[in-house]
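Asker: Spelled out, the chains give:
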Amino acid sequence: MAKVLIVDDSVFMRTVIRDVLQKDPTITVVGTAANGIEALEKIHTLQPDLITLDIEMPKMNGLELLQNLRDVQPGPKVLMLSSLTSKDAEMTEKAIRLGADDFMLKPRDIPHVRDIADEMTAKIRHLVTLVVPPGHNQPVDRPARPAARRVVLIGSSAGGPPMLDSVLGNLPSDLPASVVITQHMPVGFTASLAARFERIANMPVKETENGDLLETGRILVSKAGFHTIVSMAIMENGTRTGKIVHARTPPLHGVRPAVDKTFESAAQVFGKSTVSVILSGMGNDAGEGAYAIKQAGGVSIACEEKDCLVYGMVRSALSRNAVDLVLPLEKIPGAIEQAVLHMEEEHV
Amino acid sequence: MSELEQYRALFVAESRENHENLVKNLLVLEKGVDQNAIDEIFRSIHTLKGASASMGFSNMERLCHKMEDVFQLIRNGNAEMSKDLGNILLTCTDLLEGMLDEIENGGDSSSKNPEKQIQALHLWLENHGGGGAEKRPSSPDASVVDGDGSTTAMEATGTEYLIRIAVSPESAMKDVRALIALQNLEALGTILSVVPSSEMIDEGKFDGTIELCVASDAGEEALRAAASGTEIAAVEITPAARTGSARIRPEETDKKGADADRKATTTPEKVREIKNLRVDISQLDHIMNLVEDLVINRGRLKQIAEQHKIKEMDEAITMVERSVSDLQNLMMTIRMIPLSHIFNRLPRVVRDVAQHDNKEVDFIIEGGETELDRSVMDGLNDPLLHLIRNAVNHGIELPEIREKAGKPRKGSVKLSAHRDRDNVIIELTDDGAGINMEKVRKKAIEKGLITAEAAAALTEDEAIDLLFQPGFSTADTITDISGRGVGLDVVRRSIEALKGTIKVETALGKGSRFELLLPPTMAIVDVMIVRANGKRLAIPISSIVEVANFRRDTIHRIGKGEAALLRDEALQILWLDDMVDRSDRPEILIVVQYQKRKCCIPVDAVEGKQEVVVKPLSRFIGTTRGITGVTILGDGEVVPVLDVNTIR
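First to last, the sequence lines map onto chains A and B.
Numbered as in numbering that gives the first Met the number 0, the first sequence ends at 347 without a single skipped number.
Numbered as in numbering that gives the first Met the number 0, the second sequence ends at 647 without a single skipped number.
Keep in mind the hints are simulated off the structure, nothing from the lab.
What you are looking at is a predicted structure, and each value in this text was computed from that prediction instead of being measured.
Any given hint could turn out to be false.
Subject to a maximum C-alpha distance of 30 Å in a straight line, what follows is the list of computed DSBU-like cross-link-like pairs (lysine-lysine) [unchecked claim]: (1) B/Lys-23 / B/Lys-115; (2) A/Lys-58 / A/Lys-93; (3) A/Lys-2 / B/Lys-413; (4) A/Lys-41 / A/Lys-58; (5) A/Lys-41 / B/Lys-409; (6) A/Lys-58 / B/Lys-82; (7) B/Lys-413 / B/Lys-438; (8) A/Lys-93 / A/Lys-41; (9) B/Lys-446 / B/Lys-597; (10) B/Lys-23 / A/Lys-86; (11) B/Lys-82 / A/Lys-86; (12) B/Lys-413 / A/Lys-58; (13) A/Lys-41 / B/Lys-406; (14) B/Lys-442 / B/Lys-502; (15) A/Lys-2 / B/Lys-406; (16) B/Lys-597 / B/Lys-441; (17) B/Lys-502 / B/Lys-608; (18) B/Lys-502 / A/Lys-22; (19) B/Lys-403 / B/Lys-509; (20) A/Lys-41 / B/Lys-509; (21) B/Lys-413 / A/Lys-41; (22) B/Lys-597 / A/Lys-22; (23) B/Lys-441 / B/Lys-509; (24) A/Lys-2 / B/Lys-502; (25) A/Lys-58 / B/Lys-30; (26) B/Lys-502 / B/Lys-614; (27) B/Lys-413 / A/Lys-22.
Kindly generate the complete structure, drawing on both the sequences and the hints.
Answerer: Below, the structure written as structure tokens:
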């Protein structure tokens, strides 16, 4: 049983969140707090495994609470609940840097709250079991990161972040490829996502910027609000690699970044040196992209249904017959590594 | 839909509070700068925005969002409150009020168009540098945040650009560089013309610069990034001749306009409609009875339709069914009242008892917003009062004694309530002396409730149970506060009458904790319909823990009774002989649990699960152990509903 404390200054929000969480038999809501001071007391008495944390609160806000929590050992896991504004996005990134474990958007649109209810409970279950040994996962930054000649593309949407945790956490620091993650997310929040992955992955992680070169041993997270297009770049020494172009082309499948855009453009540049991975996600983004990668001779991996919160994206690829391997989540990092190494043999 | 409705009242109540707070503090700001008021306003707007987003009231959300942007600037000290802004904000709050009225009446604020106010705020933001203060230049992310549908015309249609790319003269492979730039651009849009053409470049007719015209919706930065690269000396991008799709600037909503709006909305003076009615509770009870009848008849109709297989009737009944369940749910919620109704009276009780006993007590109440059915609430008042008096009177020690024991002078009594799935849990904890189980045993022997040998053999749980025996009181003297000849037995009986349970945990010297588990409503219960000796019975699902096969070889005689062995657990068998006579062919064991005690009831068959209305037995039948009431099934049969708590 995961013991959860809800911290939010709005009774309305507390009620909505509590109702969402109580539907999950593995989660008990042990209490609620209306501000940081109350939360500190209740964390002390109730010993929750996890707190959901609002940012704006009277007396002591979410960031101040996080600062105070640094002295609490072992403290609860912290799931930030943010609203959809650029201000909150910025605060969320700060919160992640202050030690919050994960974040998601506050429940919106109650009639469709079930969609996010599953995501929230899945996230909580994931977080309370997630163990990141302190100091263990310091990303290994290589002294010089050569221009990438192989690329691993990961596409996901609803339910993706916890899966990305486990994939990135298990990729070795010396993976001879660049990794580009395209996760559907509201504008402003991908920086927080990158900051969060930085703590888990064995390679440095950063949000994409226009013109970024794809470098071996670095993970890029597509910045939301743009399509991440991989275009070709040639280095001084004649090496071909990819670079990131942020396109403001209208959303595709209602999303921006769209996985299809990244997959398709990268397939053009990297051809058979491309590995694509599709994780959980709603809708049919990723199907066309995976097909393009297959056509270009790349390897396309998809996660098994049982490990996906939503299977839509994988299904869209399967229906185009564009998947080489369907694997359980825990086998995916190994498969990525194998695929990348195998490519090297082909290349040389 | 029902999910939304469930929160509507709470949403309106909280939003009204925030709205009032907003207006109040805006008026404070009119008198002068007040950081506290600014913080309050910001938080109120922030909460309003978050809640309206959750409810999916997009107009309200957008308005609040803009207001939040404005106050963000003011709060950070990047802009100041002015009279004009105050006026704009007040028109916004008027509109918010209108939205809340509409929402309260079941709407979603969509008929109130906030465009004018949003535009006015937007203009103010632009004038105060707020438009881009927290946004990266040329990324109008507000439009993206507001929903992807509203992206501006600029990016939706492919805009034409003239691009001039110059490869640096030192480059050893000018043609390759140019071709890659061209290829990258091709991926982002349509190349309308290029000089020199790629064929010419291939043929080596290339002097280091290419000029092209591209139609793309990817944006200028994207094009620049795609065209740039190693050994590219310069990229010039100019939008091609005005395509006419230039963004239309909103007409300036001048301040006079805003003033006029405010006047228009404030006059005529608004008359708030009457939204709440006082209804006699007996009328509500009557409606509830009618709803119960409807539920029963619905079941009857359904059976008839099933028997005769009339398709049209099936459909009609489905519709009726839907209305009936909506009605039923509605009635349930109407009857729900927050616990604060009775909780709020308790601090005074604690204070009085504490004063009388010369004790010092901190009384904490939590979860007063938890709701219970009125009928449950009515029956809860007395037992709760009793428990609280007990806690102060018997639980909390005198201040001097507490200090000697190394505790703070002031004792603490905490009453909290929360909803736990299908139940409401009320907890009462004190940090007093706890219950001395030795004393309890001694007292029970003295009072002749139990023999000394039996007392010694009792487990902790069983000993605690003694407290609930009639005629038991642990206080050394009978006081006029809690000792009135009624003991915990009465409390337990009252709680059981509400279909609830009571549990006690105690630690000597540390305090006690009483936990009441109550159903939020009594009227409608989920039951399992079983058949025993040819007669139907209903058993509340909440008390069933397992349904197993009845096997004669697992039945053993123990003392006077019989027990069934189920996975190494001996469960007392309750034969329903008194009720339906001994069945000669029991096949199924229903394992029921009451608190920690498990037992099992052998039945012939399980017929199914059903939601039923439990009707209490008429008073002249008297209390019948083992039966809480009866229910009428769809076919008109009257079936007794078992009460596992009192069955013996």
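Asker: Next, verify each hint and record whether it holds.
Answerer: Hints, one by one, checked against the model:
A hinted pair counts as satisfied when its Cα atoms are at most 30 Å apart, and B/Lys-23 with B/Lys-115 qualifies at roughly 23 Å. A hinted pair counts as satisfied when its Cα atoms are at most 30 Å apart, and A/Lys-58 with A/Lys-93 qualifies at roughly 19 Å. Simply put, A/Lys-2 and B/Lys-413 have alpha-carbon atoms about 21 Å apart, close enough for the 30 Å limit, and the pair holds. Of the pairs offered as hints, the one joining A/Lys-41 and A/Lys-58 holds, with about 15 Å between alpha carbons and a cut-off of 30 Å not exceeded.
A distance of roughly 20 Å separates the Cα atoms of A/Lys-41 and B/Lys-409; the hinted pair therefore holds under the 30 Å criterion. For the hint pairing A/Lys-58 with B/Lys-82, the CA-to-CA distance comes to about 29 Å; that is within 30 Å, so the pair holds. Between B/Lys-413 and B/Lys-438 the alpha-carbon distance is near 25 Å, which keeps this suggested pair within the 30 Å criterion. With a C-alpha separation of about 24 Å, the suggested pairing of A/Lys-93 with A/Lys-41 holds against the 30 Å cut-off.
The straight-line distance between the Cα atoms of B/Lys-446 and B/Lys-597 is roughly 29 Å, inside the 30 Å bound, and the hint therefore holds. Pair hint B/Lys-23 plus A/Lys-86 holds up; C-alpha atoms about 25 Å apart against a cutoff of 30 Å. Straight-line distance between C-alpha atoms of B/Lys-82 and A/Lys-86 comes to about 26 Å, which keeps the hinted pair within the 30 Å bound. A threshold of 30 Å between alpha carbons decides the hint, and for B/Lys-413 with A/Lys-58 the separation of about 23 Å falls inside it, so the pair holds.
The suggested pairing of A/Lys-41 with B/Lys-406 holds, with an alpha-carbon distance near 20 Å, which does not exceed 30 Å. The suggested pairing of B/Lys-442 with B/Lys-502 holds, with an alpha-carbon distance near 20 Å, which does not exceed 30 Å. As the CA atoms of A/Lys-2 and B/Lys-406 are separated by approximately 29 Å, the hinted pair is consistent with the 30 Å bound. In summary, the hint linking B/Lys-597 to B/Lys-441 is supported, as the alpha carbons are separated by about 28 Å, within the 30 Å threshold.
Under the criterion of a C-alpha separation no larger than 30 Å, the hint pairing B/Lys-502 with B/Lys-608 is consistent with the structure, at around 28 Å. Our distance criterion of 30 Å between C-alpha atoms is met by B/Lys-502 and A/Lys-22, whose separation comes to about 25 Å. In summary, the hint linking B/Lys-403 to B/Lys-509 is supported, as the alpha carbons are separated by about 14 Å, within the 30 Å threshold. For the given pair, A/Lys-41 sits about 20 Å from B/Lys-509 by alpha-carbon distance, which is consistent with the 30 Å threshold.
The straight-line distance between the Cα atoms of B/Lys-413 and A/Lys-41 is roughly 14 Å, inside the 30 Å bound, and the hint therefore holds. The suggested pairing of B/Lys-597 with A/Lys-22 holds, with an alpha-carbon distance near 27 Å, which does not exceed 30 Å. Of the supplied pair hints, the one linking B/Lys-441 and B/Lys-509 holds, its CA atoms being roughly 21 Å apart against a limit of 30 Å. Taken as a hint, the A/Lys-2 and B/Lys-502 pair is honoured in the structure, with Cα atoms around 22 Å apart against an allowance of 30 Å.
Between the alpha carbons of A/Lys-58 and B/Lys-30 the distance comes to roughly 24 Å, so the proposed pair stays at or under 30 Å and holds. Using a Cα cut-off of 30 Å, the hinted pair B/Lys-502 and B/Lys-614 holds, with the two alpha carbons roughly 27 Å apart. Among the hinted pairs, B/Lys-413 with A/Lys-22 is consistent with the structure: their alpha-carbon atoms are about 27 Å apart, no more than 30 Å.
Hint compliance for this structure: every hint is met.
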